[in-house]
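Visitor: Protein chains in written order, with the working numbering: chain A, 7 to 355; chain B, 7 to 355.
Watch out, some of these pointers could steer you wrong.
For identical chains, the list gives no copy identity; a pair is met inside one copy or between any two copies.
BS3-like, lysine-lysine: derived pairs with alpha carbons at most 25 angstroms apart [unchecked claim]:
no. : residue 1 : residue 2
1   : K252      : K99
2   : K252      : K177
3   : K178      : K193
4   : K99       : K178
5   : K225      : K241
Please keep in mind that the hints were generated in silico from the structure rather than gathered at the bench.
Number of protein chains: 2
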Amino acid sequence: MIRIALDGMGGDYAPQVVVEGAVLAANDFEHLEIVLVGQTLALKQELNKHKVLGGKIVLQEATEVIGMGESPVAALRKKKDSSIGVCIDLLKKKEVSAVVSAGNTGAMVAASTLNLGMLPGIKRPGIAITTPTLHGMSVTVDVGANLNPSAYELFQYAIMSDVFAKSILKKKRPAIGLLNIGEEESKGTEVLKEAYKLLRESNLNFIGNIEGRDFFTGKADCIICDGFVGNVCLKMIESVLETSVKLIDRELGKNRLTAIAAWLLKPVLSSIRKETNYEEAGGAPLLGVDGNVIISHGISSALAIRNAIRVAGELVTTRVNAQIVEAISPYLNHTASPAQSSERKPSNA
Amino acid sequence: MIRIALDGMGGDYAPQVVVEGAVLAANDFEHLEIVLVGQTLALKQELNKHKVLGGKIVLQEATEVIGMGESPVAALRKKKDSSIGVCIDLLKKKEVSAVVSAGNTGAMVAASTLNLGMLPGIKRPGIAITTPTLHGMSVTVDVGANLNPSAYELFQYAIMSDVFAKSILKKKRPAIGLLNIGEEESKGTEVLKEAYKLLRESNLNFIGNIEGRDFFTGKADCIICDGFVGNVCLKMIESVLETSVKLIDRELGKNRLTAIAAWLLKPVLSSIRKETNYEEAGGAPLLGVDGNVIISHGISSALAIRNAIRVAGELVTTRVNAQIVEAISPYLNHTASPAQSSERKPSNA
Numbered sequence: 007m008i009r010i011a012l013d014g015m016g017g018d019y020a021p022q023v024v025v026e027g028a029v030l031a032a033n034d035f036e037h038l039e040i041v042l043v044g045q046t047l048a049l050k051q052e053l054n055k056h057k058v059l060g061g062k063i064v065l066q067e068a069t070e071v072i073g074m075g076e077s078p079v080a081a082l083r084k085k086k087d088s089s090i091g092v093c094i095d096l097l098k099k100k101e102v103s104a105v106v107s108a109g110n111t112g113a114m115v116a117a118s119t120l121n122l123g124m125l126p127g128i129k130r131p132g133i134a135i136t137t138p139t140l141h142g143m144s145v146t147v148d149v150g151a152n153l154n155p156s157a158y159e160l161f162q163y164a165i166m167s168d169v170f171a172k173s174i175l176k177k178k179r180p181a182i183g184l185l186n187i188g189e190e191e192s193k194g195t196e197v198l199k200e201a202y203k204l205l206r207e208s209n210l211n212f213i214g215n216i217e218g219r220d221f222f223t224g225k226a227d228c229i230i231c232d233g234f235v236g237n238v239c240l241k242m243i244e245s246v247l248e249t250s251v252k253l254i255d256r257e258l259g260k261n262r263l264t265a266i267a268a269w270l271l272k273p274v275l276s277s278i279r280k281e282t283n284y285e286e287a288g289g290a291p292l293l294g295v296d297g298n299v300i301i302s303h304g305i306s307s308a309l310a311i312r313n314a315i316r317v318a319g320e321l322v323t324t325r326v327n328a329q330i331v332e333a334i335s336p337y338l339n340h341t342a343s344p345a346q347s348s349e350r351k352p353s354n355a
Numbered sequence: 007m008i009r010i011a012l013d014g015m016g017g018d019y020a021p022q023v024v025v026e027g028a029v030l031a032a033n034d035f036e037h038l039e040i041v042l043v044g045q046t047l048a049l050k051q052e053l054n055k056h057k058v059l060g061g062k063i064v065l066q067e068a069t070e071v072i073g074m075g076e077s078p079v080a081a082l083r084k085k086k087d088s089s090i091g092v093c094i095d096l097l098k099k100k101e102v103s104a105v106v107s108a109g110n111t112g113a114m115v116a117a118s119t120l121n122l123g124m125l126p127g128i129k130r131p132g133i134a135i136t137t138p139t140l141h142g143m144s145v146t147v148d149v150g151a152n153l154n155p156s157a158y159e160l161f162q163y164a165i166m167s168d169v170f171a172k173s174i175l176k177k178k179r180p181a182i183g184l185l186n187i188g189e190e191e192s193k194g195t196e197v198l199k200e201a202y203k204l205l206r207e208s209n210l211n212f213i214g215n216i217e218g219r220d221f222f223t224g225k226a227d228c229i230i231c232d233g234f235v236g237n238v239c240l241k242m243i244e245s246v247l248e249t250s251v252k253l254i255d256r257e258l259g260k261n262r263l264t265a266i267a268a269w270l271l272k273p274v275l276s277s278i279r280k281e282t283n284y285e286e287a288g289g290a291p292l293l294g295v296d297g298n299v300i301i302s303h304g305i306s307s308a309l310a311i312r313n314a315i316r317v318a319g320e321l322v323t324t325r326v327n328a329q330i331v332e333a334i335s336p337y338l339n340h341t342a343s344p345a346q347s348s349e350r351k352p353s354n355a
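Chain A on its own, in the form it takes in the complex (with noise of 0.2 angstroms):
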């Protein structure tokens, strides 16, 4: 039996649609056990509403709640009792194997960052966000951690990415692409031309320099940027699918004949919605922090919660922390400084 930690607290629709997500999961996931941290009054109220099978969502209490405006760390500061604080203390006890929260990102990032500690030679943990392409799933490190890495930190979430990749996404050889303005290795920051380096000279199947465009074509499985650009590009990429949604709508408003091609792409629209849709995904790992910690869309529905869920049973079962320690173990001699990073290769390489 694998324990979780669910906030129950966090979200823009928590509790009610926490408390249903955490439902679901018991029922659907039989080798799962959900601890369901909060209010636990509230908790115990809308569970009521629901029938839970035998013994699978217990609650744990936390008296406080971190809001989704509220300053990370002067929230985490002030609120001794929050339902993050505690579901992160209870993973750093190993009370639990893993934690979901859907609620304040920053709040998620510094108490995973401050009280459980990065894996061995991680300097930065990533947020990881996995996005349908035309070729199947990519996954995208960092959507928002980390503003400004440094090419060392982007090379680690490329091995970290890596195993993501392989293990929940179930790529063999994942092609890892540098996001990038230009394919030639001589575009972009100087930041970019250290971290090309360092991925050439790695034994990780590098494909180069990927471009805007490459997050729709499936071109690279994992996708390396910074934390600031892959959060624009993130939420841009939610936003497509109701965009061009809204632009078929008002065309179809036009006139009468492709007024009944609405009609028939009701079902290839929801098709296309499902597949693209966030829910499915759940939420992202934030990779590199030592604990399987999943960070859920604020807007999560229930079916995300129950497939946020899902995700952090893999990352336990699938020991995905084990095997980023494992993976970046040959590099860890590559210290910060550029010259000798790009100057060592790997010795397996």
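For chain A, the structure is supplied; the task is to place chain B on it using the hints.
Guide: Just chain B, lined up with the frame of chain A:
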């Protein structure tokens, strides 16, 4: 009569498609004369395939061509008689009023910056791209000229895009948005926080931080960002429709009923395509340099070249550069020092 220099050798399909575009423009815009620059023998051969109305296209020899993949500054130094170099020279000597090229973007930026220099008070040039949104066109600055702008340079991009949106996009009081990873003032890098302050204290219609999704919503008329994230987003936008069409095609292949919709949908898709087509915008002005310079997409069609020439003419007639110089003048006591620049209010605020 407005004279516009057109780089006859620039772009993936030059000179053929560029000459076609010149002919379209010469026939459509009576007030424009096009100076077609490049290897005149080849250009003349292409021109002879078309019927050109009286004397509105003239040829100007430039013996060399800078390739799309060449290193900009090195190529400009080596090839003294390149079509890009000659175009910018003509503009410098005021023999033409504007330049259009679908050639090497970096070479265009370098030649313009080095040879024309900047408008009084402007620190760095920015490439301005117009893109369609659900509520009309918006303009994004910068999409690739300046990968690491300072806060004050971002502020200047806002001033320049405001003038552009008023003059060319006919917006009365353009809404200015700063691209960031969240709406709160506290979000993003230190540079963005400082740029936020400068914008808030200006007399621009600053609507605050915007996010990736707002490229489509049309919340802002002007999107201000660094050239790296702008370039990545631009390439993502360019690929969105293509991807949507492919996704719909794939779904349509799955059963007969929806295949009927495919036929009905064709005019809908081509209508959306037209609306969202880069061809309509034609090219991207390089704002901030002392001259009217338009950079077109390497894959420009004849129609795109024609429209780029149209926009070049509009830059001249609406005196965008003179307006920029006027708009920036109240802020010229803002120095690079963040403390000073954030304290001082413009005299006309």
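Visitor: Next, verify each hint and record whether it holds.
Guide: Taking the hints in turn, this is what the structure says about them:
1. K252 <-> K99: neither (48 angstroms within a copy, 49 angstroms between copies)
2. K252 <-> K177: Between copies only: 23 angstroms across, 34 angstroms inside.
3. K178 <-> K193: Close neither inside one copy (29 angstroms) nor across copies (38 angstroms); limit 25 angstroms.
4. K99 <-> K178: neither (34 angstroms within a copy, 60 angstroms between copies)
5. K225 <-> K241: both (20 angstroms within a copy, 14 angstroms between copies)
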